[in-house]
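Colleague: Chains as they are written, first to last, in our numbering: chain U, 1 to 144; chain W, 1 to 144; chain R, 1 to 130; chain Y, 1 to 130; chain G, 1 to 101; chain H, 1 to 101.
Careful: at least some of the hints might be erroneous.
What the hints assert, rightly or not - With a straight-line Cα cutoff of 27 Å, these simulated DSSO-like cross-link-like pairs (lysine-lysine) come out:
| # | chain 1 | residue 1 | chain 2 | residue 2 |
| --- | --- | --- | --- | --- |
| 1 | W | 14 | H | 57 |
| 2 | W | 118 | W | 15 |
| 3 | U | 118 | U | 15 |
| 4 | U | 61 | U | 118 |
| 5 | W | 71 | Y | 98 |
| 6 | G | 57 | U | 15 |
| 7 | W | 61 | W | 120 |
| 8 | H | 57 | W | 15 |
| 9 | Y | 30 | H | 53 |
What the hints contain is simulated information worked out from the structure, not anything from laboratory work. In this text the structure is predicted, and so the values were computed from the model without any measurement.
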Amino acid sequence: MDEAGNGGGNGVTKKFMYMNRKAPYGTVYALESLEVVLIAAAFEQDISVVFADDGVYQLMKGQDTEGIGMKNFSPAYAALGDYDINKIYIERESLEERGLSLDDLQALTWEDEDDDWKEKSSLHLVGRDELAALIAEQDIVLSF
Amino acid sequence: MDEAGNGGGNGVTKKFMYMNRKAPYGTVYALESLEVVLIAAAFEQDISVVFADDGVYQLMKGQDTEGIGMKNFSPAYAALGDYDINKIYIERESLEERGLSLDDLQALTWEDEDDDWKEKSSLHLVGRDELAALIAEQDIVLSF
Amino acid sequence: MKLSLLVNEGPYTHQASDSAYRFARAALDKGHEIYRVFFYHDGVNNGTRLAVPPQDDRNLSQLWSELAAEHELDLVLCVAAAQRRGLLDGDEAKRHGKDADNIAPGFRISGLGQLIEAGIQSDRLVTFGD
Amino acid sequence: MKLSLLVNEGPYTHQASDSAYRFARAALDKGHEIYRVFFYHDGVNNGTRLAVPPQDDRNLSQLWSELAAEHELDLVLCVAAAQRRGLLDGDEAKRHGKDADNIAPGFRISGLGQLIEAGIQSDRLVTFGD
Amino acid sequence: MLHIVNKSPFERNALESCLRLAADGSAVLLIEDGVVAAASNTRFGGMLADGMKRDLKFFVLSHDAAARGLAPERLAPGVETVDYGGFVDLVTSHDTVQSWL
Amino acid sequence: MLHIVNKSPFERNALESCLRLAADGSAVLLIEDGVVAAASNTRFGGMLADGMKRDLKFFVLSHDAAARGLAPERLAPGVETVDYGGFVDLVTSHDTVQSWL
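Model the full structure from these sequences, guided by the hints.
Modeller: Here you go:
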């Protein structure tokens, strides 16, 4: 992440949303989106990450990629909390349509510095109206 | 089409079906599928070409690509008849679902050597059951 | 206005690069500034100088190179995506012990931070992809 | 049995090349013959020797090259698709006045007729794509 | 906000997801294969009409519609056409642009 | 005949087109992102059950299901799992193979 050094922010803070709508492994978008978010973490911006449609499969527990010869990158989502990326939204309807619940997804947490470093969940289940409102207030939406 | 020279058939005749399910221009599959069919014409095989789902847009009349800076390859479909490729199937339900009829598609014809070179239509509107039966009797189905 | 573009697919297979190119030209015609064009995923394949499309077809890499030369555009290929897919400049090739490079004039290779920075510095970021 | 494969997408972006590679290995393990692997559309991008994926990731071009060497596989890149996308062997590069080539060992460039011929000569043709 | 959809709604779910998550009053631009959603006599014509009822504005990139043989008179009522210049204007006149890939 | 579907039915129409045009008695193999169609508790579970009534046989590539966290007990009843070797056997035991790209 040597790119982070250049900062580039000039003090501007924008609301960036990363919208993930694809299943992992069938295409590279999930992995390369995560790479963007991890780089973005080093810039002092207001970051949200959304998992909607087939994007919810990216967080499935128990991914085992040995048989397909690809790297299982799902453990890397845990790093989001280390970078204080804790606004992670799961669209409720997408989850339900796939017969899934939050229990099927890996837990993602962060430690709240302002609350005695208490460990809190970064995952927020949102309905579509709430998600629509969140999208509407962004400056940048990147869709993968 | 220098590749055609090698023949390669050794007298074997197989039923090849080329199934087109994508709109033209948004992706290259329609164009590169047509290139395969035109090459395939030189091999002495039993060829069918299908347009189903968004593939039916490939034959739309009046395509004008000047604005998008891409070559309009729709006139090249007319060459299919010159190669005696006359089993061109349009799935009726796909056409209707898109609010289209055969009149919206370019006419494709061939000249029947056994019938005093009469010009005949190569386009056959087939229902899904009929198309399913055609698919089931192929040796090779290539999907684009 | 200051605009940046993100191009996520290679030339020909998807229309993304064509659309982005035409959008860029229209924006420049209207007097806007293109702050950066960032090529990610298969988009890095736009940066090859080895393409030989048919005579009657457009050469997208060349169109981008020409537009960059004319308007001093900043065309950036993501280094990680480019390495995975075999797009290298002279330095990258040397560094990885490869015997050839293939990047086209007007393109440079840099990190993903350049995409984020483009988002911050530009008034708009428009994505073209599959 | 005699099998041929058609690979329509490049490495990494879609799983097609991975799936085809694992299928080919499993078929060879079972004693089948792979008559040909034909790379079309973006599939030609599998044939680059310039890819430098991360250390902990697979290198698909190299995996194909190795499998070809081990089993004398015929790996064919479609010439028209390859030219459009900047995949060239030494002869093609010279013929088109390009200063570099980038094809990997074990791959050769030929016409679409090789796909049809593979369909005719093989007992099965299996397509992997997007 | 400007939403861009470049895929056919017959093939993919991008337009549906876009319409589900676009706030009332947003603009939706159909480009590339997405233009086929704007044809008047398909089930998506109705979906666009429903969108208009909640103040969504629909635009079609004329060049992409022409390439696919969709003449202007085939487009659903209320859909406006723009050229690449109009595309640029839509981008600059909305604060945020989202492409539904 | 063996039909191969590699796309999620939530995202694309490939599975639907396949089921529409596959003759009764065909085999359908779900690979790559297509495996999510085999989860038991979605609307596609019902679509597969309808297919089985007309003698379609459904297979899922186990490695692709595992990669996406779909444990075997999540799969719809009647769906068989195969590994890459089983994929090869499906190809050799059917006269024709069609991939629904």
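Colleague: Take the hints in turn and mark each one as holding or not.
Modeller: We went through each hint and held it up to the structure:
1. 14(W) / 57(H): holds, 26 Å
2. 118(W) / 15(W): holds, 25 Å
3. 118(U) / 15(U): holds, 25 Å
4. 61(U) / 118(U): Judged against 27 Å, a Cα distance of about 24 Å means the pair holds.
5. 71(W) / 98(Y): holds, 25 Å
6. 57(G) / 15(U): holds, 24 Å
7. 61(W) / 120(W): holds, 19 Å
8. 57(H) / 15(W): Given pair residue 57(H), residue 15(W) holds - Cα atoms ~24 Å apart, limit 27 Å.
9. 30(Y) / 53(H): With a Cα-Cα distance of about 33 Å, the restraint between residue 30(Y) and residue 53(H) is violated, given a limit of 27 Å.
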